[in-house]
Amino acid sequence: MAFVDPNYLFPADPSVRTVARELYDAVGGLPIISPHGHTDPRWYAENAPFPDPAQLLIVPDHYIFRMLFSQGHRLEDFGVPTLDGTPVETDGRRIWRRFAKSYYLFRGTPTRAWLDYTLQTLFGLAEPLTPDNADGQYDRIAECLASEAFRPRALYERFNIEAIATTDGALDDLGSHEAIRASGWRGRVLPTYRPDAVVDPDFEGFAENLDRLGEVAGTDTGTWSGYLEAHRRRRAAFRALGATATDHGHPTADTANLGAAEASRLFDRVRAGRAEPGERALFRAQMLTEMARMSAEDGMVMQIHPGSLRNHSAPMFARFGRDKGFDIPTRTDYVRALQPLLDAVGTDPAATVVVFTLDETSYARELAPLAGVYPALRLGPAWWFHDSPEGMRRFREATTETAGFYNTVGFNDDTRAFPSIPARHDVARRVDCTFLARLVTEHRLREDEAHELAHDLAYGLAKKAYRL
Amino acid sequence: MAFVDPNYLFPADPSVRTVARELYDAVGGLPIISPHGHTDPRWYAENAPFPDPAQLLIVPDHYIFRMLFSQGHRLEDFGVPTLDGTPVETDGRRIWRRFAKSYYLFRGTPTRAWLDYTLQTLFGLAEPLTPDNADGQYDRIAECLASEAFRPRALYERFNIEAIATTDGALDDLGSHEAIRASGWRGRVLPTYRPDAVVDPDFEGFAENLDRLGEVAGTDTGTWSGYLEAHRRRRAAFRALGATATDHGHPTADTANLGAAEASRLFDRVRAGRAEPGERALFRAQMLTEMARMSAEDGMVMQIHPGSLRNHSAPMFARFGRDKGFDIPTRTDYVRALQPLLDAVGTDPAATVVVFTLDETSYARELAPLAGVYPALRLGPAWWFHDSPEGMRRFREATTETAGFYNTVGFNDDTRAFPSIPARHDVARRVDCTFLARLVTEHRLREDEAHELAHDLAYGLAKKAYRL
Amino acid sequence: MAFVDPNYLFPADPSVRTVARELYDAVGGLPIISPHGHTDPRWYAENAPFPDPAQLLIVPDHYIFRMLFSQGHRLEDFGVPTLDGTPVETDGRRIWRRFAKSYYLFRGTPTRAWLDYTLQTLFGLAEPLTPDNADGQYDRIAECLASEAFRPRALYERFNIEAIATTDGALDDLGSHEAIRASGWRGRVLPTYRPDAVVDPDFEGFAENLDRLGEVAGTDTGTWSGYLEAHRRRRAAFRALGATATDHGHPTADTANLGAAEASRLFDRVRAGRAEPGERALFRAQMLTEMARMSAEDGMVMQIHPGSLRNHSAPMFARFGRDKGFDIPTRTDYVRALQPLLDAVGTDPAATVVVFTLDETSYARELAPLAGVYPALRLGPAWWFHDSPEGMRRFREATTETAGFYNTVGFNDDTRAFPSIPARHDVARRVDCTFLARLVTEHRLREDEAHELAHDLAYGLAKKAYRL
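Chains as they are written, first to last, in the working numbering: chain Z, 5 to 472; chain L, 5 to 472; chain P, 5 to 472.
Possibly wrong hints are sitting among the right ones.
The list treats identical chains as one, so a pair stands whether inside a single copy or across any two.
[Claimed, not checked] Calculated pairs, DSS-like style, for lysine-lysine (alpha carbon to alpha carbon, straight line, at most 25 Å):
#: 1; residue 1: Lys328; residue 2: Lys468
#: 2; residue 1: Lys105; residue 2: Lys328
#: 3; residue 1: Lys105; residue 2: Lys468
#: 4; residue 1: Lys467; residue 2: Lys105
#: 5; residue 1: Lys467; residue 2: Lys328
If you're looking for bench data, these hints aren't it; they were derived computationally from the structure. Bear in mind the structure is a predicted one, so any value in this text is a computation, not a measurement.
So here's chain Z without its partners, still in its complex pose (with noise of 0.2 Å):
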């Protein structure tokens, strides 16, 4: 009664598909690692049951509705809630109806592809969704999340998670963890240090964020001393409470290596609020460079995503907010930006920096280059919108011949959408099971070496990356 192909994603040749087969019959199954993502740990704390089939599944996934949009469907119908309130359709049924007629739209999609499997696999639906359909597995579904097995623990453990960080501003109370390890369950969810709220001054209330950070560690961030021994000391709670990484969202790649005199100067120009647009992009610029010698010091792995221009449609913006996928890739260049950032750490093997890219054009001209030199250097997955079958194979194809494979850190699925966090899996180490089959198939690799590949890809690498 399945509809996801058991062959799903190996390529037609047999000799590569047998190949693919026994590759991800081996570690298809190996527990998910995730050490970068979106899920919210209250979910875990507090195991409520998830909501109506279309809150859960489709009005918070930006993949889904920026599709729909772009096809001349309002976003009110579908349930995204608007900045000032105006109304927005609310009855679940008739937003998954309205996605059902629709759904033709992502073929060729991950999007399609996730949704395929998490309705196989985890609602045991025995077909695609449909118009006709569509209410039969509305039903189903809701049935499913109304019951004790649909909960967040429950399905942490049915996913076979064996630990899943989320992503928490440094400002945040890690409430919600303190919760899940007073409760004695059993599952690992660890936080992961955000701290762009208070590292960018053109972020949205910058100095208060700042008087609050200072509030929080109990240091004075009226100096870049204090500035700096509050950010160590915000580390070191979130290491306590599990966390091994921290994570930053910057426009380029920029970083800077300035001396200390001149780096306070900056900090104080910065911090009372006089600080041009240049000083302010060179203080996001060097405190990348502090945050990656704070991984040498304490360990934990610095994650950089650079590229997005957030908020492309100002008239979108304006009436839905943030994150409603008008965050547009542009072309990076990291050569150059980060050279301060590595010849200030860049040989330590202590230091870890993991660097993501939506600028695949730079996997083998840069970052495979660099990766494959510098030990504090790690790349991250094929990443948004190239987390995809295509977008993965590109990255394996353009990165391994420079950079191997030992300089990359396994799969990332970097999502809020938790049902759809085994498929996301799945298709990495279907996709990775094939890029080896093909070298096993053509002579570039041996089969016992594409096993303990596939094995540290699926499994070993995010484990080892991430000190987890």
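Following the hints, position chains L and P against chain Z.
Below, chains L and P alone, put in the same frame as chain Z:
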């Protein structure tokens, strides 16, 4: 006796080939929709015989003579006219013989594929062109061209063209288009509004062109509002003869969205010939947004073709003039460049803006993410140097996962080489069927979906996007 | 007993593999033309034994030690010498053992392929290197290297090299080349004119280099005309020893085409050490055009290698100096950069300019369109990090449709790793045969054409392009 194999372009793997072939068998014979191209409307109006084989197939084809030139041949020997009237070869047979000797240079190029297909399918030749059979092939083609069955209208019908657009300047009197309509012939030949000469202040004779635009449109193009009204009227005149689209060749994708007063002041400086280079570029940018706004008003599909550096070689331009194979693609950024236009009309489903690129790095990074969210935006097919099997494959691989299939607009042949039109559409259909077959055999798409998509990519999407 | 499979690199599909294998069987054994590389001419002149296995195969290979360093190993432990003389590992066997333990890091890289091929084919080893067999393999290789059959001239003959070019500074006395000639040995080892030290004002000791150039050439390099004449004479001296090419490593592809008076004034400022950074860059740009003009005069093939940011890591440069794996590719533009040079000599078939790139985005967008029209321009093969199976495949896929095969120049090994030369040419031949086999099985090329092309790509094009 065929030398073009029925399985041309299908992959060797038997299961992928079988699916690709089934898909192609169902759509290979569909009528041709040619919504963007450069055939001469006089051909259809006058229905006169085409000239000799070389003048038809070699002399006007810059893909052909640029390759010959790159290998040390003189353009003069292939009949390419000089600006100063220095004599060039006029003997079609000698040109054809010379070409036959160098035909091997085109191995691996689409030119070779198009010509082989045309020689076999249109002229009934049983073997590929060689120096030995060049004379015989020349005679056979010349004989064909002299017959009624090879007149333009007969070929239009034989090619199973359902609609074909030409490209016509804003000042064109559209006499040929009127004559076609008046003739009672059932062929559907439509003009396309190409206003570069009255939009680009750097165009030769721009000021006079605007005077003339005022006369033709019956408005005062001395004012910004009169100038915009002139465009509206010319667009209406084009629409009255069937036009559904406009076409815009710009050096970059830059757009602007000035306030009315500022735009009016800019126009005054441009109109008076007093604008600086930056202002002239800004005027071009502003006019793209104005044209997009008019697209939302009158429903004409706007096509933007940026990123070609025209006439790269000064000495060749001096001797031979424009369009001699020296237009070279350059890196082109879209994300910030299109933002003003998209802020103006990007979220309005009434507008349609089709964007083409010569910079493939923008497919996955910029264009697919933009077209995958803005309802007014669609992706034009792989264009120009990328109108080729590998180019089309890269286009689908790079855009589908983010923009889907339905934010693309099918195939454009974009050619003045009338006899090659079926060959070009055939290549596109074969490549798309191959791409779909890969998705089917990798279980990423069901076969029924692939059949629907094959039809859409070959026929339906072009018809719908261009409102034909 | 082979561990490198005879079908290495051929795709799994049986029909493609069969054709690829047939093509390869016909060309795999052709003599090697190596028109660009960095082997030491003293090797052939002195014909002394090579040093121990590690000093030959590991220590000088930056592909190897950069990967080891990237995974936390110290360069010192692999014998890489420090600038200040801090002792490093000198025991070849210990280096070899360490390398064997980390050999798995090279999975999926060309280094692995080259070394496996070399161990099997050259040293007759029956299994891949492992920590367990490291000592035995070391002994076997050391034994080989001590024998007459592994002296440089014997290897040259065993490798079936027909001609090999070295790279020699403009000030080099070419003594080794003279000695080779005088020795009566039949090997064809040719110098290549590499004038960076007397062309780039930022080169260490530039002023003294120019003094010395004047002495060596017997001209007054205090004047622009004397300086150009010195280049002409040195080129002639190189040609007298067989040179057919020049080589130019520049940070960018920028060229300039100043008038004689302006160029002369620029030279004066550069010569006097008073030039600003922009002027020094302009001088480098101007000299590329001068060298291209001399190519048209004397027929030497000009090679341009732009786009590497040298010595990316300041601390590593301070400790170990140049060429330690820290040269990182950067985005490189060619269209406007080459325009002055191409305006000067681009349409002259007497000139030959071979352009290489480290930025693959320029293949389809810029370089193929340029090489597909300018008779003086040819495309160098996939280079450096892209000298790899995937890199070569991307090169053919991206360039062939626009530039054809005949505007490319065959393979360059570009290496100082003498024992790896057959491995490198073998990879290139296999990749090209695979590409051709795909075209054949997709009916894009006839089998007879593919055989002709396989021969040209493996042998003929390099010989013709470099006039060897």
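Do the hints match the structure? See the list:
Taking the shortest Cα distances, lysine 328 and lysine 468 never come within 25 Å of each other, neither inside one copy (34 Å) nor across copies (27 Å). Taking identical chains as interchangeable, the C-alpha atoms of lysine 105 and lysine 328 lie at most 25 Å apart only when both belong to the same chain, with a minimum of 21 Å there against 49 Å between chains. Within a single copy, lysine 105 and lysine 468 get their C-alpha atoms only as close as 44 Å, which misses the 25 Å cut-off; across copies the closest is 19 Å, which meets it. In this assembly of identical chains, the alpha carbons of lysine 467 and lysine 105 lie at most 25 Å apart only when taken from different copies (22 Å versus 41 Å within one copy).
For a Cα distance limit of 25 Å, the shortest separation of lysine 467 from lysine 328 qualifies neither inside one copy, at 32 Å, nor across copies, at 31 Å.
Consistency note: the structure conflicts with the earlier hints numbered 1 and 5.
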